[in-house]
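Participant: Below, each chain spelled out in residue letters.
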Amino acid sequence: MVFALTSAPATAAEIELSIEIPRLNVSEYHRPYVAAWIQTADRKLVRNLTVWYQMRDTDEGHGTKWLPDLRQWWRVSGRSLDVPVDGVTGATQPAGKHALTFTDKQPHLADLPPGKYTLIVEAAREVGGREMVKIPFTWPPASSQKFDAKGEKELGEVTLSVKP
Amino acid sequence: MKIASFLSIALVVTLSQIASAHKVWLLPSQTTLSGNDPWVTVDAAVSNDLFYFNHHPLRLDNVVITAPDGGSAEAQNPSTGKYRSVFDVQLEQEGTYSIALMNQGLFASWVENGERKRWRGSAATFATEVPANAENLKVTESVGRVETFVTNGAPTKEALKPTGVGIELVTATHPNDLYAGEKTQFQLLVEGKPAAGLEVEIIRGGTRYRDSQEEISVTTDENGEFTVALDKPGMYWLSTSSQDEKGKTAQAKTRRLSYAATLEVLPQ
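Going down the list, the protein sequences come from chains A and B.
Just so we're aligned: 37 in this note's numbering is position 37 of the first sequence, and the numbers increase by one with no gaps anywhere.
Just so we're aligned: 185 in this note's numbering is position 185 of the second sequence, and the numbers increase by one with no gaps anywhere.
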């Protein structure tokens, strides 16, 4: 018991993020580019959580050419970011639910000042659409909380769990 | 007689309306780019509708491309067709390029042996081609700028620095960072100085698919500034013009200045 109490502050506050990429029945399907990031009310980027794009080499290089299609992410972060970024960028993902966990020991969340933030997940698909899902939350969380949001086209269920 | 004069007035009015309805523009294929070897292709045309090639190509004699480092870049693969001119720009540097057509010149008219003569050219050829003692000589200087902006990677402002020639646009918000519903502050300069009282017209493209132009009319304040909220996403055409007596050429009594820019506004 004593051990548990003393060790309590050492446990990491964390964020669990689940992003669902819907299965779409379209004639030409490309996996979406997806970015998830945390920003403030005045639209300043705080942290990039993850960015998925076409990392395979083609004759146009990596798929960085289409990164500006993630319009809002491009505006707050992408255009001034040198991709790839360790621990942030990754390859595009297939349809399904993708779970990600970030603790405050990781660079994504380390030293994130207390405050009100918005988690944004943006998806853009070549010859498809673009969609954003926003979830406001407070950091650090006082208690465990779970937020749900749902996209209509390019994103399925997005859930954010914050744990103190 | 009455009918004749009425007709001639009507004709003059119609012609001037047609003339003022013509829009000159450059349209880039993309405004925001990234990737290994980004290029844009630019259309240059004069038309009634935005952005349709239905009237005249713009001549590509005076393409001025300013690279992000302030140096100049080449227009490649230039071609002029029936309705539009087109050229490519390779964006070798990261940052913002300004792509412009700068037209500067003199128009002269005079009477020779009872006949009206017209001439257009540069200040350099004026002395040799226009008789010095021409009767009823009227000279007008004109400075016209048509431009657009494209950005490779993060936007920069070096290429947007005013040059002090003609009418120029200064944006508090970067011209490649315009979003629907957000207020944008612009400033217009004439010869590098804030231009008060300029009437500016802003029209969103796709006029063919709506019943009215939906133009936004604003006038610059004493600092040459105006603020607008461009509510709908799209490619916008911004234009203004003015006339004064401050021609650089001694013979030119009047000076006509014109400016047109194509700006993209993205959805949120």
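Don't read these hints as lab results, they were simulated from the structure.
Predicted model only: the values in this text are computed from it and were never measured.
Errors might be hidden in some of the hints.
[Claimed, not checked] Mimicking BS3-like on lysine-lysine, the simulated pairs with C-alpha atoms at most 25 Å apart in a straight line are:
no.: 1; chain 1: A; residue 1: K44; chain 2: B; residue 2: K117
no.: 2; chain 1: B; residue 1: K117; chain 2: B; residue 2: K193
no.: 3; chain 1: B; residue 1: K117; chain 2: B; residue 2: K253
no.: 4; chain 1: B; residue 1: K232; chain 2: A; residue 2: K44
no.: 5; chain 1: B; residue 1: K138; chain 2: B; residue 2: K117
no.: 6; chain 1: A; residue 1: K153; chain 2: B; residue 2: K232
no.: 7; chain 1: A; residue 1: K134; chain 2: A; residue 2: K146
no.: 8; chain 1: B; residue 1: K157; chain 2: A; residue 2: K134
no.: 9; chain 1: A; residue 1: K134; chain 2: A; residue 2: K97
no.: 10; chain 1: A; residue 1: K44; chain 2: B; residue 2: K246
no.: 11; chain 1: A; residue 1: K65; chain 2: B; residue 2: K157
no.: 12; chain 1: A; residue 1: K116; chain 2: A; residue 2: K134
no.: 13; chain 1: A; residue 1: K97; chain 2: A; residue 2: K153
no.: 14; chain 1: A; residue 1: K116; chain 2: A; residue 2: K105
no.: 15; chain 1: A; residue 1: K134; chain 2: B; residue 2: K232
no.: 16; chain 1: B; residue 1: K183; chain 2: B; residue 2: K161
no.: 17; chain 1: B; residue 1: K193; chain 2: B; residue 2: K232
no.: 18; chain 1: A; residue 1: K44; chain 2: A; residue 2: K163
no.: 19; chain 1: B; residue 1: K248; chain 2: B; residue 2: K117
no.: 20; chain 1: B; residue 1: K161; chain 2: B; residue 2: K246
no.: 21; chain 1: A; residue 1: K44; chain 2: A; residue 2: K116
[To be verified] Stretches of chain B that chain A covers, calculated by requiring three or more beta carbons in the stretch to come under 8 Å of a beta carbon on chain A:
no.: 22; region: 28-39
no.: 23; region: 208-222
[To be verified] Pairwise CB distance ranges (calculated):
no.: 24; chain 1: B; residue 1: D61; chain 2: A; residue 2: A149; range: 48 to 56 Å
no.: 25; chain 1: B; residue 1: N54; chain 2: A; residue 2: R23; range: 37 to 45 Å
no.: 26; chain 1: B; residue 1: M102; chain 2: A; residue 2: A12; range: 58 to 66 Å
no.: 27; chain 1: A; residue 1: Y29; chain 2: B; residue 2: N223; range: 50 to 58 Å
no.: 28; chain 1: A; residue 1: P141; chain 2: B; residue 2: G181; range: 30 to 38 Å
no.: 29; chain 1: A; residue 1: L24; chain 2: B; residue 2: N62; range: 42 to 50 Å
no.: 30; chain 1: B; residue 1: G197; chain 2: A; residue 2: P107; range: 35 to 43 Å
no.: 31; chain 1: A; residue 1: P94; chain 2: B; residue 2: D88; range: 32 to 40 Å
no.: 32; chain 1: A; residue 1: P94; chain 2: B; residue 2: K82; range: 28 to 36 Å
Idealized CB from N, CA, C, for every residue including glycine.
Participant: For a quick check of understanding: which of the numbered hints are violated here, in increasing order?
Facilitator: Numbers 1, 2, 8, 10, 17, 23, 30, 32, in rising order.
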